[in-house]
Amino acid sequence: AQSVTQLDSHVSVSEGTPVLLRCNYSSSYSPSLFWYVQHPNKGLQLLLKYTSAATLVKGINGFEAEFKKSETSFHLTKPSAHMSDAAEYFCVVSGGGADGLTFGKGTHLIIQP
Amino acid sequence: DGGITQSPKYLFRKEGQNVTLSCEQNLNHDAMYWYRQDPGQGLRLIYYSQIVNDFQKGDIAEGYSVSREKKESFPLTVTSAQKNPTAFYLCASSTQLRGRGNTIYFGEGSWLTVV
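The listed protein sequences correspond, in order, to chains A and B.
For the first sequence, this note's numbering gives the first residue as 42, with consecutive numbering after it.
For the second sequence, this note's numbering gives the first residue as 5, with consecutive numbering after it.
None of these hints come from the bench; they were simulated from the model.
Don't be surprised by glycine CBs; every beta carbon is placed ideally from N, CA and C.
Hints are not guaranteed to be accurate.
Unchecked claim - In silico lysine-lysine, DSBU-like type, Cα no more than 30 Å apart, as pairs:
| no. | chain 1 | residue 1 | chain 2 | residue 2 |
| --- | --- | --- | --- | --- |
| 1 | B | K18 | B | K61 |
| 2 | A | K90 | B | K13 |
| 3 | B | K87 | A | K83 |
| 4 | A | K90 | A | K109 |
| 5 | A | K90 | B | K87 |
| 6 | A | K109 | B | K74 |
| 7 | A | K99 | B | K61 |
| 8 | A | K83 | B | K75 |
| 9 | B | K18 | A | K109 |
| 10 | A | K99 | A | K83 |
| 11 | B | K18 | B | K87 |
| 12 | B | K13 | A | K83 |
| 13 | B | K61 | A | K83 |
| 14 | B | K61 | A | K110 |
Unchecked claim - Sample of chain A residues with no beta-carbon within 10 Å of chain B, all distances over it, derived:
| no. | residue |
| --- | --- |
| 15 | R63 |
| 16 | S73 |
| 17 | L85 |
| 18 | Q86 |
| 19 | G100 |
Same shape as in the complex, but just chain A (with noise of 0.2 Å):
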């Protein structure tokens, strides 16, 4: 069975400095990975996906992502944090459920100026 935990529901932290964002996966075969930031009144945007090629992920506005199997982790960073990256971000799994998804609650950033 699938699962995905996000270990954070919010993450603050100051303009132009790094953010983390941890997920962390269960899956019964090698899964695909994606994040997707959503932010107010929006529908959600894909940020990056991991599907097996390499292991570290680059995404759109800087962001990338690390899939390390051993840790069963595929946490989202980015080198310095920018006011535009305030938003809900949902970290997602391949497998479980109907739409062959498993999505995380989703962490709020919080950026301070």
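Start from chain A and add chain B according to the hints.
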């Protein structure tokens, strides 16, 4: 540009009234989905469709109905049987229903409020 268009962005429903949310995609995707999102919550699957003229219930289908008469369109009707319909509704699509690497793309969402 290809994408998913949801309308209206904001909709108000009176008690006992059915309302329909529109979803149109021009991505040539076979699979389409409807999700409900409550404030501060994750996504819950309402209905999904793998192909034209076929759709299946998701986790919270009670009080909702859909149709898939055209590949591009997957409207969601919120019926009077849905007792707590106030939420943000997201339509999505993908090239196929499942499969490794299958990526779901989302529309901008629609807010439904009961008045």
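message: Let me make sure I understand: some of the numbered hints might not hold for this structure. Which ones are they, in numerical order?
response: When the structure is compared with the hints, numbers 5, 6, 7, 9, 14, 16, 17, 18 turn out to be violated.
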